[in-house]
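Listed below are the residues making up each chain.
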Amino acid sequence: MATTIEQSEETKAKAEPELLGLLAEFDDPDALIEASKKVRDAGYRKWDTHTPFPIHGIDEAMGIKWTILPWIVAGCGLTGGTIAVGMQYWMNAVDYPFLISGKPLFSIPASIPITFELSVLLAAFGAFLGMLGLNQLPKLYNPIFKSEAFRRVTNDRFFVSMDAKDAKFSEIDTGEFLKSLNPINVEEFWSDTESPKLPRNLTLGLSLVGVVMLLLAGLVAYVRTTTSPDPRIHIIQDMDFQPSLKAQNTTNLFPDGREIRPNLKGTIPRGQFKDDNIPFYYGLKYLPEDQDVVTIALQDEKKTDDKKAPADKASAEKPAAPAAVDPVAAKLDKLPWVTEFPIPVTEKLMARGKERYRIYCSACHGLGGEGDGLVSLRAMELLQGTWVKPASYHTENVRKLPIGRLYHTITNGVRKMPAYGSQVTPEDRWAIVLYLKALQKSHQIDADTISEAEKRKLRDTK
Amino acid sequence: MASVTAEPIDTTIEVPGKRTPLVTGAHNYGTVTDAVCRLAECKTPLAWYVALGISASLMGMLFGLVGYLIITGVGVWGNRSPVFWGWPIVNFVFWVGIGHAGTLISAILFLFRQDWRTGINRAAEAMTIFAVICAGLFPGIHIGRVWLAYWLFPIPNQMAMWPNFRSPLLWDVFAVSTYATVSLLFWYMGMIPDLASLRDRAKGKIQQFAYGLFSLGWNGSSRHWHRYERAYLLLAALATPLVLSVHTIVSFDFAVSQLPGWHTTIFPPYFVAGAVFSGFAMVLTLMIPVRSICGIKDLLTDRHLENMTKVIIATGSMVGYAYAMEFFIAWYGGNRYETFAFINRAFGPYAWAYWIMVTCNVISPQLFWIKKIRTTPWMIFVVCIFVNIGMWFERFVITVTSLSRDFLPSSWGYFKPTIVDVLMLIGSFGLFMTLFLLFCKFLPMVAMAEVKSVMPRPHGKGDH
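Heads up: the protein sequence lines correspond to chains W and L, in order. Quick note: the first sequence uses our numbering, first residue 1, plus one each step. Quick note: the second sequence uses our numbering, first residue 1001, plus one each step.
Please keep in mind that the hints were generated in silico from the structure rather than gathered at the bench. Do not take every clue at face value.
Unchecked claim - When the alpha-carbon atoms are kept at most 16 angstroms apart in a straight line, the in silico EDC-like pairs for lysine to aspartate or glutamate are as follows:
no. : chain 1 : residue 1 : chain 2 : residue 2
1   : W       : LYS65     : L       : GLU1229
2   : L       : LYS1372   : L       : GLU1326
3   : W       : LYS441    : W       : GLU370
4   : W       : LYS285    : W       : ASP256
5   : L       : LYS1203   : W       : GLU370
Stated by the list, open to error - Computed footprint of chain L on chain W; a stretch qualifies when at least three of its residues, placed anywhere within it, have a C-beta under 8 angstroms from a C-beta of chain L:
no. : stretch
6   : 46-60
7   : 115-126
8   : 135-145
9   : 151-159
Stated by the list, open to error - One side only, chain W facing chain L, incomplete, derived with CB under 8 angstroms:
no. : residue
10  : LEU69
11  : GLN88
12  : ILE100
13  : GLY102
14  : LEU132
Treat the numbers as computed from the prediction; the structure is a model and nothing was measured. Cβ atoms here follow ideal geometry from the backbone N, Cα and C, with glycine treated the same way.
Please construct the entire structure, taking both the sequences and the accompanying hints into account.
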C-alpha cells in the first residue's frame, strides 16, 4: 500500500491518510442483492460486495462477467497431457529404451494412466492457482480489514464496498447514495499513515538464510561437476563396504570363534574333485611329487624356460637324441602314464571318438592321422620353413607313447598345438585317444593276419 | 437474520413433497459459525490431550519401527518367499481405499448437487488426506533400499536411467501422488473462506498470524466468490474421474500380473467399489463420536448418517457381487489355476480370513436395510467397524492367498506376519488419528460457508 500520497484529484482528502472507499453493511443476502442492482444501475464500476458465502443471483445483480478460468484449466490440462506423452516417449523409447518381452517401446494403451494423471494434476493446479491469480490473492495486507464491522463479513454480515478510485465516486454523494439503500451502517475506510514494514531482523534473517541456501546449492553444483582425489561420501553404504571376514582373525559370529571355516561334511573343495579319479582326469597312475609338470604344457615351457633351444623346433619326430637335452620332455617321459583306458572301451566310445576326432583333430592332423590336414597343407604353402608340421601318428615314437601321454597332449597341447582341455570333456578326450590308437593300428596291421571274413567286412564298410 | 425452526426435528422421516432441512436446531448464520469455530477457540478439553497422547505415542512407535526397518532391512517383516507382498501392501491398499470417501463425497456429490454433503465433506476430505499419507508410507518403505526411492520418479540421476513407464507400479506412484496433491488442493481451497472466518474471530497473535497467513487475505468479495465457485466446480469435475482412476490403477498392480486370483478384469470396478465402501465406513466411524463430542449434531444430522449408510448398502452389495462373480468366472472361464485359486481362498489354509471378509463385508452392511439400525448411531458405528475390519481382510485375502499358492505346488508357502507387521498397522492408525485430532482442534471441521449457503433464506426469495 502506498503511504506517501499526493493530493488526489477525485478525493477531498486533505492529507494522509487517504480515503480509500466506503462500506455499507447489510444483514440479509436478499437486501444485498437489491442494493447491488441499484449500485450497478447507478453506473459505478469499481465496487464490490462481500459475503460470508456465495450468494446465488448476485452475479447478475452485480453484472459480473463469466470468468476465463475454464480456459486456463483446459490449457493446463492439455499441457499436462502433452508433457506426459512426450516424457514417456522420449524416456522409454528414445533416451533409455526399455525392451521388455518384445513389447513396443512406446504404445498408447500403456501410456494412458500417466497421461491422465498428469493432465489432471496440471489442470488442478491451473484451477487453484488460476483462481488465486485472477482474484489477486494471496494479499498479505488489505486496509479494508481495519474496519471492525467488516470482521463479520466471514460470519453473518453482507457488505457493499465502493472504491474511491471509481470515476463517479464522491465522498458525500456516494455516501448519501449508500444510505438510500437501507443498510445497517455506512462507514469509510482509510489507508494507513504508516507503511507496514517487515521487522528489520526478519528481513536480515531471511536474506541470510537465502544466501546460505544459495551457497549450499552452489557447493553441490560445484562438487558434482568437478573431480576429486577423495572418495565419494557414502551416507548409506549399500554393498560398497562389507565387513568381510579375514582368514586368520577371530570373530564372534561363529561359536568356535574362528573366521576361517572348516570344510563341511560331504563337500568337495574347489579344484579337488579330480583327485578322486587321477587316471581318468590326468592320464597318470598317480600324481607325482612335482605336480607342476602335470599341467604345464610343453609349448609354454619352451617360451619361458630357455632360449638356447629354438633350433630344436625343426621336428619332434626325431627326439631320440634331443630328448635327453629337452628337460621338459625328459620330465614328461618319466611320469607314470597310464597304459590301460580308465573308462570302459566300447563300440559307442569308439564312434564318439571318431566323431570328436573329425571335429577337433582332423583339421591339422588329417583324417588318417598323417599330419596332412587341410590347415597344415595350407600353412605349409604359406609359411614354408617356419611351420612345424603336425606329428604323424604313424611314426615309431608316437606309436610307442603311452595312452596317458596322448591324453595329456590333448589336454595341455604340445609345441604349436593348443590345449583342448577346456573345449573337450575328459571322456571325449579318452574317446579320441581310443580312436587314435585304432588309427595307428590300422596303418600297421599285416594283411595276412586278417581273416577272409574280416577282409570282406572291411571292404563293405565305407 | 436467518433461522430455522427452533424445535428439534426428526430428519430421518420422509415427508413427501418437502425437503428435509440440512441444519436442525435454532441456527442462523452466526450460530453456525459459532458452533464450528468453538472447537478451535474453546479451551482444549483434557480428553483431547489424552487422545492425542495415545495416538501420538502409536505414531512414534510407527516411526521408530520405520527406523528399525531401514537400519535392519525388510526382513523384519513376515514377507518371505513366496509371499513377498505381505502386510505393507495390504495396508497400502487398505489406506488408499479409506482415502476414497472424502473426495467422493466432495466431488461426486457436489457434481450431483447433493446438498447434504456440506455437513460432512470437510472432515471426509481431511480423512482422505490423512489416509493417503498413511498409504503413501507403506510402498515407500516396502521397496527395500528406502534411500533410493527417488528412482521411482522421472528425475535425472547419476546413472542416466529413467523409470519404466509401462509398469503398473510406476503408474501407482503417479496416481497416488496426483491424488494426494489434488485432494490437498481441493481440501485447502474449500477451507480458505472458513480459515478467514477463524482469522476474523481470532484473539491471540499467533492465531491471527497463522489463520491470516493461510486464509490468503480472503475478503469474501463476490467477484472472488464467482471465480472461486467456478474453480471449485472444475476441481470437483477433475477429482471425480481421478477418484475412480486411483483405485483402478492400484488394482492394476494385481490385475496386470499373471497370477491366478489377481489376473482378473473385474478388479478395477471391484476395487473402486470396495474403496468407497471402506471410505464411507471410516467417515461414519470417525464422525459418529466426533459429532457428539464436538456438539455439531445440528450440522451433521441423523439424516447425513442415514444417507451414508445407504451408500454403504449399495457399495457393500457391489463388493458382494464381485466376490460371487469372481467365483463364477473362475468356473465359467474353465481355467483350472483360477478355479483352484478361488476354491483355495474359501476352503484352503486362509479360509478363516476369507470368511471373516465375507461376514464383515457382505453380510454386515445388509443390516442397514433395517431402518432401526441405520438410524441408530451406535449401531451404525458397530457395523462400520465391522466393515473396516472386513475391508482390511479383503486386501489381505487378495494379496496373500494368491501369492502363497500360485501355479506350482513346489513354490507354495504359508505367510506369517511378524510382530513388526502388527505394530506397524497399529502405528499407522496412530498416525492417522494424530493428524485427525490436530485437524479437529485447529481447523474448521465443517464447511461453514457451504452449510450457510444451503440454509433456508429468511425472506424465501433466493433459490433455496
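For each hint, the structure was consulted:
1. W:LYS65 - L:GLU1229: Distance ~14 angstroms between W:LYS65 and L:GLU1229 Cα, so the pair holds.
2. L:LYS1372 - L:GLU1326: 33 angstroms, violated
3. W:LYS441 - W:GLU370: 13 angstroms, holds
4. W:LYS285 - W:ASP256: At roughly 40 angstroms apart (the allowed maximum being 16 angstroms), W:ASP256 and W:LYS285 break the hint.
5. L:LYS1203 - W:GLU370: 112 angstroms, violated
6. 46-60: With 12 residues close enough to chain L, the hint holds.
7. 115-126: Satisfied; 8 residues make the cut.
8. 135-145: holds (count 9)
9. 151-159: That given contact holds, which follows from 7 residues of the stretch 151-159 of chain W lying within Cβ reach (below 8 angstroms) of chain L.
10. LEU69: Hint holds; W:LEU69 Cβ to chain L Cβ min 5 angstroms, cut 8 angstroms.
11. GLN88: Hint holds; W:GLN88 Cβ to chain L Cβ min 4 angstroms, cut 8 angstroms.
12. ILE100: 7 angstroms, holds
13. GLY102: 12 angstroms, violated
14. LEU132: With a closest approach of 7 angstroms, the W:LEU132 hint holds.
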